[in-house]
Each structure stands twice: as structure tokens, then as C-alpha cells.
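Guided by the hints, dock chain B onto chain A, whose structure is given.
Quick mapping for you: the protein sequence lines, in order, are chains A and B. Per numbering that gives the first Met the number 0, the first sequence runs over residues 0 to 451. Per numbering that gives the first Met the number 0, the second sequence runs over residues 0 to 349.
Incorrect hints may have been included.
As the list claims (entries may be wrong) - Some chain A residues flagged as far from chain B (calculated, every beta-carbon gap over 10 Å): (1) A12; (2) A62; (3) E153; (4) E214; (5) T381.
As the list claims (entries may be wrong) - Derived DSS-like pairs (lysine-lysine); straight-line CA-CA distance at most 30 Å: (6) K158(B) with K9(A); (7) K337(A) with K268(B); (8) K9(A) with K268(B); (9) K165(A) with K79(A); (10) K97(B) with K277(A); (11) K219(A) with K275(A); (12) K5(A) with K354(A); (13) K219(A) with K57(A); (14) K97(B) with K327(A); (15) K158(B) with K277(A); (16) K277(A) with K4(B); (17) K327(A) with K8(B); (18) K97(B) with K37(B).
Said to hold, decoys possible - Now the stretches of chain B that chain A is said to cover, found in silico as 3 or more residues with beta-carbon under 8 Å: (19) 14-22; (20) 312-325.
FYI, nobody ran anything at the bench for these hints, they're computed from the structure. In this text, a Cβ means the ideal position worked out from N, Cα and C, and glycines have one as well.
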Amino acid sequence: MSLSPKEIWKEFASNNIALVGMGIIATLFCISIIAFIAVPFETFREWNDPSSWLAYPKSALPAWINYFLPEKIPEHLILKPQEYNQESHGISAVTDVFVVDYEYNSFPSDFIYQYAARYQGAPLIQLSVTRPDGSTSMLMSTSLPLSAEKAMFEGMLFSTDASMKKNIQNNLRFQFSTGSVPSQELVFSERDQNKVLKGVYVFKVTAYNVSGNFEFHQSKFILGGKVYGLMGTDDLRRDLAVGIMWGTPLALFIGITVSIGSVVLGLVYGVYAGFKGKATDEVMMRFNDIIYAMPALPLLIILAVTIGNSIFLIVGFLVVFGWVGIAKVSRSMAMQIKTLQYIEASKLMGQKDFKIIFKHVLPQLLPYAFASIAISVPAAITTEAGLSFLGLGDPTFPTWGQILHDASVYGAAERGLWWWILPPGIMIAITGLAFVFIGHAMDAIVNPKLRR
Amino acid sequence: MGFKKYLAKRAITMFGVLMATLLITIALVGSNMDVILKQSVSLEIRQQITNNKSLMSSFKTPEQLDQYVQNQITQRIASLGLDQPWYTPQRLGLAMYKILTLDFGHAKFLTSDTGSSDVKDIILEKLPRTILLFTTATAIVSLLGILLGAIAASKVNSKIDKITSGFAIVSSSFPVWWVGIIMIFLFAFVYQIFPARATPEISVTDPRYISSLLYHMILPLATLVLIGFGSWAYLVRNFLVGVLQEDFILAKRAAGIDEKKILYRHALKNAAPPIVTVLALSLSGSLGGAIITEAVFDWPGMGRLYYEAISVLDLPVIIGATYVLTAFFLVSIFLADVLYGYFDPRVRRQ
Numbered sequence: 000m001s002l003s004p005k006e007i008w009k010e011f012a013s014n015n016i017a018l019v020g021m022g023i024i025a026t027l028f029c030i031s032i033i034a035f036i037a038v039p040f041e042t043f044r045e046w047n048d049p050s051s052w053l054a055y056p057k058s059a060l061p062a063w064i065n066y067f068l069p070e071k072i073p074e075h076l077i078l079k080p081q082e083y084n085q086e087s088h089g090i091s092a093v094t095d096v097f098v099v100d101y102e103y104n105s106f107p108s109d110f111i112y113q114y115a116a117r118y119q120g121a122p123l124i125q126l127s128v129t130r131p132d133g134s135t136s137m138l139m140s141t142s143l144p145l146s147a148e149k150a151m152f153e154g155m156l157f158s159t160d161a162s163m164k165k166n167i168q169n170n171l172r173f174q175f176s177t178g179s180v181p182s183q184e185l186v187f188s189e190r191d192q193n194k195v196l197k198g199v200y201v202f203k204v205t206a207y208n209v210s211g212n213f214e215f216h217q218s219k220f221i222l223g224g225k226v227y228g229l230m231g232t233d234d235l236r237r238d239l240a241v242g243i244m245w246g247t248p249l250a251l252f253i254g255i256t257v258s259i260g261s262v263v264l265g266l267v268y269g270v271y272a273g274f275k276g277k278a279t280d281e282v283m284m285r286f287n288d289i290i291y292a293m294p295a296l297p298l299l300i301i302l303a304v305t306i307g308n309s310i311f312l313i314v315g316f317l318v319v320f321g322w323v324g325i326a327k328v329s330r331s332m333a334m335q336i337k338t339l340q341y342i343e344a345s346k347l348m349g350q351k352d353f354k355i356i357f358k359h360v361l362p363q364l365l366p367y368a369f370a371s372i373a374i375s376v377p378a379a380i381t382t383e384a385g386l387s388f389l390g391l392g393d394p395t396f397p398t399w400g401q402i403l404h405d406a407s408v409y410g411a412a413e414r415g416l417w418w419w420i421l422p423p424g425i426m427i428a429i430t431g432l433a434f435v436f437i438g439h440a441m442d443a444i445v446n447p448k449l450r451r
Numbered sequence: 000m001g002f003k004k005y006l007a008k009r010a011i012t013m014f015g016v017l018m019a020t021l022l023i024t025i026a027l028v029g030s031n032m033d034v035i036l037k038q039s040v041s042l043e044i045r046q047q048i049t050n051n052k053s054l055m056s057s058f059k060t061p062e063q064l065d066q067y068v069q070n071q072i073t074q075r076i077a078s079l080g081l082d083q084p085w086y087t088p089q090r091l092g093l094a095m096y097k098i099l100t101l102d103f104g105h106a107k108f109l110t111s112d113t114g115s116s117d118v119k120d121i122i123l124e125k126l127p128r129t130i131l132l133f134t135t136a137t138a139i140v141s142l143l144g145i146l147l148g149a150i151a152a153s154k155v156n157s158k159i160d161k162i163t164s165g166f167a168i169v170s171s172s173f174p175v176w177w178v179g180i181i182m183i184f185l186f187a188f189v190y191q192i193f194p195a196r197a198t199p200e201i202s203v204t205d206p207r208y209i210s211s212l213l214y215h216m217i218l219p220l221a222t223l224v225l226i227g228f229g230s231w232a233y234l235v236r237n238f239l240v241g242v243l244q245e246d247f248i249l250a251k252r253a254a255g256i257d258e259k260k261i262l263y264r265h266a267l268k269n270a271a272p273p274i275v276t277v278l279a280l281s282l283s284g285s286l287g288g289a290i291i292t293e294a295v296f297d298w299p300g301m302g303r304l305y306y307e308a309i310s311v312l313d314l315p316v317i318i319g320a321t322y323v324l325t326a327f328f329l330v331s332i333f334l335a336d337v338l339y340g341y342f343d344p345r346v347r348r349q
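If we strip away everything but chain A, and leave its shape as in the complex, we get (with noise of 0.2 Å):
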């Protein structure tokens, strides 16, 4: 215990696996950062309103999983747009062109254009399609509703229109019978058999207005697809990275939160009745004793249901019931260190016991606690996501056991969704792993015995 912090940490960059987790928890961090920084706020405010996911694709696989497969899935695509301006004869026209170079050998779902535009008078707007051999097609035209004033309007074109079939049937003189075939097939169809026809398609949205007064504020071609991203979304239509990374600060916070306030607790509380000793002791170890053999999970469950089950309630249920073991060890370590000499020297001088407990007492103890703090976290992680897990934890926020919740109430094992289930248990599995490391590193120096 007689170790400098300059020793310890000599010894722990010594140690391989004490490394590797404090690698893991550096990713994490970045993860974090970049999850403050790319993900913007309100997208995670957004994470349980459905509307603001209806632009992604159902249960879509991680897009990636096209490297592993000879045929490959139509990725969900959300275009952005190149715009052009033009005006002659007092017209203006707004173009927004997409251009996707479709190389798989399936159709997409479907295809959505999705607007919001800024205008007054009544534009038209109008959706057209250039194949990859050369034909081209108007799909779809559209006037929006009359406004005096400058008015903002939001709006959205579908492939499953009745207009836009009959569009292409007319433009693009099919060799077979398009009877059954839906337009989204059409578009994307050989002429003379319904085959995908592969190549660059360039798809132009224009807005036509006579004042002039026209401007997209919002413009995005939405190509359905079967795979979106790097972990594929949800049946929600929620994109799984976004809730991923969201998830890691979330999991840091209760982990680190839950370990450092119940090790302090636990720390001041042992340390104080071991220093007192006699009724004062026995008190304190009794009441200590009760909790500790309190079956933690259906309290925290009922605690949960009862008083609430915001984020920082949940951090501080999980602290009730984590400081009683720590309590127990500092209590023990507290009654070597005071029959110390250096102790009973200032104990005779006079000094007050609360003194003495954070000058002499608790610094002795420190390494003990940093080690206790690394390896609580993982339970605490592993608890909130259990509470979370049964539909008890906080629903505003997408920590992992949240996702695994959603995962469970839609049946994901059951239907194979495999990227739905695998990474939240994974991050958290890591998570841990990463704490477990570094507290065992850390407890085979602060613990001298443990060494060979």
C-alpha cells in the first residue's frame, strides 16, 4: 500500500492487459466524442419519434454484409441533391438532380421523393428520369397548392402513385406485360424483359414557378433498399450506429457515475465505523449487514416502477445497493491502519476524528478504491441494461439495453435479426471487459499477495 503513484503506474503500463482495456475505454471515449459531435443532439432527442425515422428503410441489414454475399441487396440510398437555377421568360426553375449508379441485381423497394420548399404563387413540380440507355421519362408532375404569401410547404412524391405507372407505361414502350409489375421495377427494368438494368440513372426534380419565388429548403431522393449504414436499422426504421453510439456515453455515464458515487459512499461510511470501533461499529455493520442481503434486482424492479425510472433515479437505486460490499473491505483496512503509531500520535495531539479519517485514513486507501471502482462498473452497466432490458429503464434515452428491449418486444431472435441483438450486447460485453481489465491490473498491484 506504501506505493507511489508513480510506481503504479510504471507497473500498470508493465502489464499488457491492464493496456488492451485501457485501449478499449479510450475507444469508447472517442466513440463518445464523436457521437456528441457527429450525431447532432436532436437526432437522439428523436431516437422514440417515428416520424423523423420514416426517410430509412424497415429491419434493413448493415450494409456491409454485400462483401459477403454473390448476390448483391439494394443498399438504401438517401440521395442529396446537386442543385441548378434557371429563369427565361420570366419562368424560374429550380432543378435538383440525383444520380445513382444502380449496380445490383435486384430491384428497390420503392422510392420516395421527400421536399420542403419555400414559395409563393402555385409551382409545379415535376419528376423525370434518365436511364442508363439514354431513354428518358417524366414520372410524376405535381402542383402545389396556392399560397399568397411566402409560405414554407412540405411534401413527398411515391413510386406506388397510380400516375407515375402510367407515365412510364406511356414514355418507355415495354416489351412485356406491365400489368403486375409495380413502377419502382419499371424504372429500374430492362426494355424488353423485367430484368434490372444496370448503369447510372439520373433522376430531376424541377420546379417550375412564374414569380420566381421558389427555394428547396429540404430535398432528398429516398431509394429503397434492404441494407442501410453500418448497422443496419431497426423495425422501427431507427438507424442502429445512431443508437450504438449514443449508447456508449450513456453506458460510461451510469457505469462511472454508479462506481465512483457508491465507492466514495462506501469507502466513507466503512472507514468511519471502523475508526470508531465499539457501538458506534456494530451499529453501522448491522445496518450494513441488512442491506447487503437484500435481493437487489426485485427492489431496484420495484423501485423502478414505483418512484420512477428517469436515468439519474435509476443511478441512484443502483448506488443504494452497490457501496455495501466496499463498506465491508474499508472497514477492515480502517481498523489495521488506526492502530498505527503516526495515528495514535495525532489522536493524542488533539486532532478531530473527521481529520484525521481524510488526512491519514482515506488517502491510505485510494488505490484500493480506484481498483474497486474499475471493476464495479461493469455491474453496473450489466444492471441498468437488465432494468432497461425488462422495460423499466429510461425510455428517452438509446442505451443498449433499451435497443435490446425494443429487440425483444418485436420478437427479433425469433425472426432472425440478427444485427438488431448482436452489437448491444457486444458493446457491452466490451464495455465491461475493458473495466475488468484494468481493475484486476490494478488490484494485483494494490494487492501485493496477488502477485507471483
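Chain B alone, transformed into the frame defined by chain A:
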């Protein structure tokens, strides 16, 4: 302090814990319980009066009827003692006494498979299944763990030892319930060998029920064993390595006693106290974890009962199940104490 005195002290603490847990539970759900009870009383009385045609026709105005109904409700509430808040000593005492004598009352929504709504019947029906699953799992885990741990301890730093330690650390960082989901994915979806839901579909009275239950038990059992045996082996290995370094083992080795005999006869016997204690403790720990594990597999035991009771807020069932779970938890902790004292004479003489 004599061992008897030590045990008596522990027993008193355990009883205190049981009471404290119950008190907390009642305090947390008490006010909700009152609201629900009062609602059900007024519903009951309204129903009684509307069913009684002759009584209904004796009222001339709707106000009169309302007045009568209100009177009846206040009377009934007073006779049930619900007019006083739940924290008055009489009501608390009565509630605690009822629970201590295993009188949990009737469930609001849940019923047992045979249709009874008596909480005692429901718990008595579910409890054996939880015990069946978790004691079987603990038995297999401890056997496997002791065997593997002994092998690892006899060859410290060998390949087997390293694999065991690595597997122990990795397997214990996955939540059991998550591994359960993966097992369901693998063995109910990819390879359709076992059912995804562990509740048998045939009724309890069917003679084939037991065999069906056992078949449905395989997947949860396999999960519990898979997650459990690694850390067990690691634990046993560490205890054994400690014992194997002691002088008496060196003496036996010097006397030329067979290495296997030393390991299984002498070392294991001396490592027994901590092993048995941790075994009893892990059994109690797994009972708490049963809530999530059973919810994942839909295993029809105490854990799932608790989960269902929480999700529909069936308060009598919650209180009854908390009591039984806590009691089992405490009994196994107490058992661990007794066993430790039995195996390690030093505790007795302290």
C-alpha cells in the same frame, strides 16, 4: 463468540432483512394498493346494486341512488379498514402478519395455470419450476466447474489453464439474458431444434406435461450452464492453486503420494469451505437474476411471474413474490454461513 451465538445473530439479522424488505415493498406499493383496493370496492358495490332489481326500483330519483351507493361504499371501506392510510400501525401490523402467515390474498389479474387467483396457489405452482431450472443449472455448473478447475489447477500456466481463465473472464462479462437471446436466435431460428418460448403449449393436467417441460427446459439450462461454468472453474482453480502451495501438500508430494490423489483427495477437501459457500451464494444470486432470465425464455417460474406482476401492477402478487424470493435468498445466504462454519472449524471457535 461461540458458533451457536454467531448463527443466532445471523438468523436475527436475516429476519430483520426479511422484515425490512417487506416494509420497503409495502411502503413503496402501499399507496397504490389503497387506490386500487378502493376502486375495486366501489366497483363491486355498484355491481351488486345494479344486479339487485328490487332494490333498484325502490329509488325514486337518481340522487337517492347515488346517496345510497356512496353510503354503502364508505361503510365497506371503513369495515375493511381502508379509511385509514396504509402506514397506520394497525394496518401495517395486519399486513405484515398476513404475509408472515403466507396469506397473500387474491391476485387482481394473474391466475395460476389451473385458474386459481389465490396468490399462494400461483406461487406454489411456479416455485417448483424455478427451483427445478436453477438448482439443476447450479448442480451441472458446479460439477463441470470443479472438474475443469481441478484440471486447470494441476497444470498452472498450461494451455488448458489459460483457456479456462480467458473463457471465465469473457463469459462472465456477457449478460446471461443476452446470451439467452443469442441461444434463441441460434437454436430456435437458425437451427430450429428447440422452441423459442419455454412455456409448454399443452395444459398442466396432461400427463405429457412434465416431459414437455423438460424439453422446453434444455435451452435455458444450456444458457445458464454456458455462462456459469467458466467463472466457476476459474474460482475453483484459484482456491486450489492457493491450497496446492501449502506445506502439507509439499509434504505429501515428498512422501511420494500420487499427484492425482493429492489433488482430488487432499487439496479439494481443503478448498471445500470457500467453494461450498460461494456455491450457496451463487444459487441465491441466480434466483435474483431469474427475473430477467425467465422473462427472456418465457420460462413459467417465479421470475416470469414477478415480471408479469410488475408489468400489470398486480400488487398482491408482487408482495407475495418479493416475500418468497427474499426468503429463499436469505435461506441460501444463511445456509452458506452454516456450511462455512461446518467446513471451517476456525469460524466456530472464533
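Structure-based check of all given hints:
No Cβ of chain B approaches the Cβ of A12(A) within 10 Å, the least distance being about 21 Å, so the stated non-interface status holds. Annotated as non-interface, A62(A) keeps its C-beta farther than 10 Å from every C-beta of chain B; the closest such distance is 21 Å. Remark: the non-interface label on E153(A) is consistent with the geometry, its nearest Cβ contact in chain B lying 38 Å away (cut-off 10 Å). At roughly 49 Å from the closest C-beta of chain B, the C-beta of E214(A) stays outside 10 Å, upholding its exclusion from the interface.
Residue placement check: T381(A) does not keep its beta carbon more than 10 Å from all beta carbons of chain B (closest about 5 Å). Pair hint K158(B) plus K9(A) holds up; C-alpha atoms about 29 Å apart against a cutoff of 30 Å. A C-alpha spacing of about 37 Å is found between K337(A) and K268(B), which places the hinted pair above 30 Å, so the restraint is violated. A distance of roughly 40 Å separates the Cα atoms of K9(A) and K268(B); the hinted pair therefore is violated under the 30 Å criterion.
Restraint check: the Cα-Cα separation between K165(A) and K79(A) comes to about 27 Å, which is no more than 30 Å; the hinted pair holds. For a cut-off of 30 Å, the pair hint linking K97(B) to K277(A) is broken: about 38 Å separates their Cα positions. Restraint check for K219(A) and K275(A): the C-alpha separation of about 70 Å exceeds 30 Å, so the hint is violated. The straight-line distance between the Cα atoms of K5(A) and K354(A) is roughly 26 Å, inside the 30 Å bound, and the hint therefore holds.
A C-alpha spacing of about 18 Å is found between K219(A) and K57(A), which places the hinted pair at or below 30 Å, so the restraint holds. For the given pair, K97(B) sits about 35 Å from K327(A) by alpha-carbon distance, which is inconsistent with the 30 Å threshold. Straight-line distance between C-alpha atoms of K158(B) and K277(A) comes to about 50 Å, which puts the hinted pair past the 30 Å bound. Using a Cα cut-off of 30 Å, the hinted pair K277(A) and K4(B) holds, with the two alpha carbons roughly 19 Å apart.
For a cut-off of 30 Å, the pair hint linking K327(A) to K8(B) stands: about 17 Å separates their Cα positions. Proximity of K97(B) to K37(B) is assessed by CA-CA distance (about 19 Å); at most 30 Å being required, the pair is judged to hold. Note: the region 14-22 of chain B has 4 residues with beta-carbon separation from chain A under 8 Å; the three-residue rule is met and the coverage holds. Here's how the region 312-325 of chain B fares: 6 of its residues keep a CB closer than 8 Å to some CB of chain A, so the rule of at least three is met and the hint holds.
In summary, the numbered hints that this structure violates are 5, 7, 8, 10, 11, 14, 15.
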